[in-house]
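A.B. asks: Next come the chains, spelled out residue by residue.
Protein chains: 2
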Amino acid sequence: MTTIGIRGAFFDFIDDPWKHIGAEHEAARFHADGLLVIDDGKIVDFGLYDHLSERHRGLEITTIRDRLILPGFIDGHIHFPQTRVLGAFGQQLLPWLQVWVFPEELKYRDRDYAREAAGRFFDALLAAGTTTCQTFTTSSPVSTEELFEESERRNMRIIAGLTGIDRKAPAEMLNAPEGFYNESKRLIERYHRSGRSLYAITPRFAYGASSELLAACERLKREHPDCWVNTHISENPSEIRGVLADHGDCTDYLGVYEKYGLVGPKFSGGHGVWLSDDEFRRLSKSGGALTFCPCSNLFLGSGLFRLGRATDPQARVRLSWGTDIGGGNRFSLLHALEEGYKVGMCNNTLLDGSIDPTRQDLAEAERNKVSPYRGFWSITLGGAQGLYIDDLVGNFQPGKEADFVVLDWNGGQAAQAWHQSLVVEKEGPQTMEQVANLLFGIMMVGDDRAVDETWIMGKRLYKKG
Amino acid sequence: MTTIGIRGAFFDFIDDPWKHIGAEHEAARFHADGLLVIDDGKIVDFGLYDHLSERHRGLEITTIRDRLILPGFIDGHIHFPQTRVLGAFGQQLLPWLQVWVFPEELKYRDRDYAREAAGRFFDALLAAGTTTCQTFTTSSPVSTEELFEESERRNMRIIAGLTGIDRKAPAEMLNAPEGFYNESKRLIERYHRSGRSLYAITPRFAYGASSELLAACERLKREHPDCWVNTHISENPSEIRGVLADHGDCTDYLGVYEKYGLVGPKFSGGHGVWLSDDEFRRLSKSGGALTFCPCSNLFLGSGLFRLGRATDPQARVRLSWGTDIGGGNRFSLLHALEEGYKVGMCNNTLLDGSIDPTRQDLAEAERNKVSPYRGFWSITLGGAQGLYIDDLVGNFQPGKEADFVVLDWNGGQAAQAWHQSLVVEKEGPQTMEQVANLLFGIMMVGDDRAVDETWIMGKRLYKKG
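Same order as they appear, the protein sequences are chains A and B.
Here UniProt numbering is used: position 237 in the first sequence is 237, and no number is missing along the way.
Here UniProt numbering is used: position 418 in the second sequence is 418, and no number is missing along the way.
Just so you know, the hints here were simulated from the structure itself, not pulled from any lab data.
All values derive from a computational prediction rather than experimental measurement.
Please note that the accuracy of each hint is not assured.
The list treats identical chains as interchangeable, and a pair is accepted whether it falls inside one copy or across any two copies.
Stated by the list, open to error - Below, computed lysine to any residue pairings styled on SDA-like, alpha-carbon distance capped at 25 Å:
{"id": "1", "residue 1": "Lys-400", "residue 2": "Val-424"}
{"id": "2", "residue 1": "Lys-463", "residue 2": "Pro-265"}
{"id": "3", "residue 1": "Lys-426", "residue 2": "Arg-120"}
{"id": "4", "residue 1": "Lys-19", "residue 2": "Glu-366"}
{"id": "5", "residue 1": "Lys-400", "residue 2": "Trp-418"}
{"id": "6", "residue 1": "Lys-464", "residue 2": "Ala-417"}
{"id": "7", "residue 1": "Lys-426", "residue 2": "Gln-397"}
{"id": "8", "residue 1": "Lys-459", "residue 2": "Arg-154"}
Given only the sequences and the hints, what does the whole structure look like? Please build it.
C.D. replies: This is how it looks when you write it as structure tokens:
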């Protein structure tokens, strides 16, 4: 058991900026000269260096200069077995799955391929500053095992599960519901809460699930209520039609998951682009969450997620944000913030009354603006809350696990440094407002080159080359 | 006068891929082992190395391995004086101009600031592989002069002009129409066709132009018909309302520019997001062009440009593509291709009948898909055609100027190389299809890190550090 200290400029959140409209800084915390004390991978103290150093005499301190230290980024929706096939050309969701994705995922029945891929997957996450993800695997348990084995080697907190599908995919990919139930049970017993691993019962999506498969998921959740549930919802119009055709007794997409008792705390539905206002309200009430994947929603042409609706204080829906690799084309959640900002601004114009005065909703229009506070909260503490893991990660509260990312605000395209010099010159940021402006520069003008180091449980696992 | 040869893998276009639906490769040309012969900055021969080497014995040859060599990228719409203020937070077009852009542009009345900025601007372009741009300056001639001085030092082909505005901006920014006319005339005489410089008569936009200012532009164009005309059109709904309120005798945005005789060959209107079908048809007929700026259209929430409508063979509109720095947040035209692909896919879903069967148009839906052929044509030969400079640049035809970019298909995020290994392993690409797949990987999974070298008139001006 070793105690270490990290000294530097820290920025994290203690509340949701959407609750502080006009005063978002109240949700954040900035220590220009802070100290993070880590014991055996967990945070035991955090505050201003000048306040804390007295009571931690003799502490071995690593000083990180000219950087911003943030909690590690949390990706709420990603597909491990699409690591290689990200950015595939030319199709919306359904044909894209058939043409590009399913053939690639079938390779993950091979243990060697799955193992190599798992290594590359976590390398890509760490280089992007992502320290936690909730990920899909494939319908083959081999892929789920190799994923968890690799995350345990790196001691990373992840949520994952065998990904069930029993229709509308190649025959060799389909799970029999009973087999899916048995394999899931075995994997839950082996991996759930082993080390930092958490298990999600994972029906891929209602579009590819029979009633029997969903009933198997219901049984799993009843028998393992501590487990998560991860799936997709309302991503693409054609998909939604297919779901309603198959599950004729349900009036909407959310209704299918409700019918099988899956919606509630620890439930994540990826996308939700086409959810009705009623579905938003029911989700809000249930405690279930959505995952916003702007990069993927644009890449597959799925549509513009109604971020301002999801963040309606009257019916607030828990949200995490995801890259959705390989529907998303970049591993960096900074890119998800960039694309989320753009989706939000398009919504802003649609709602400001300039196109259709009858649809004007200025409060919803405003909630669509992804400020740096809203953005970085969403991929740290907000993401942790969306995934119900904010007791474990998401900010620098003592008791939490010491996963963090070290950002160089000048990293990125050639124009980056001169842009950022509008905010700070040689000295680092001294005020919250400067930090916010630098962070907006990182998410909109910078990119993953801003990620200089990534630390897991107080150990540095990535340093930019 | 020195003759040099570049040996490597070359890819360029000889036709418009939108004219070859289902067989886009017919519009392209690939030499896995090619030779480009350059004399005094101009291309004098181009073809397969084995065919050409015989007739160029003793030629000093630079061999470029493991790379793809493409014509330099052409940015049809960019704002030089927004180099530093790109990616500014939180506003649609009109307030964004007031809050962020006009204050920055006012700094360019200072010659030292403008000179420093010009250096940084061209550094950023070259690092992005952009060899030609059509750029706005400010309402101060100082900025226009410093821009042209710097481009001439680098011997780059650009189109630019003093950018006139006489309303709806800070008083110290406004041009008097007569002053604008006189200064433009002086600058045309000094810079137009001096070296590689070309002059564009540049009313900023109808929103900020009185009838008198537009009449001054009309007079300039009549007196200097060889000059270009560069402006904005139909970017944002609120802007459009303002234009129609000010120019009450015009029924639409395009009509304002038509009234002053500005629309025709060498006319570029940036954006055109909200153009009517009728405006598309009139533009097509006139020979005037639009510039598609997808990154900016998303960043400012302007909307989804109807790419499939602009490329309707019945009323094809000339197009260049632009980054629109600083409404766009990245200098790299690869990023414009990424965002253009996403805009196109969103349009594809809106037009495929899955949302509204009455709006179904499958042909237009398909024309929205930005394949690698369509994309890279758009930022090379297509962009040159859009700007009426395809007699000078855009591909490797002998007689043209030798501006080119050297691409490393593995440059980008950590996941890039494994993704590209789906296409080629150790050997470089041997077939057109492999090239197209690598290029799609560059535009969607890679980024400006793919730009390894940028050459201007046969001289290497940029090498990735």
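A.B. asks: Which earlier hints turn out false for this structure, listed by number in ascending order?
C.D. replies: Hints 1, 2, 5, 7 are the ones this structure does not satisfy, whereas the remaining hints hold.
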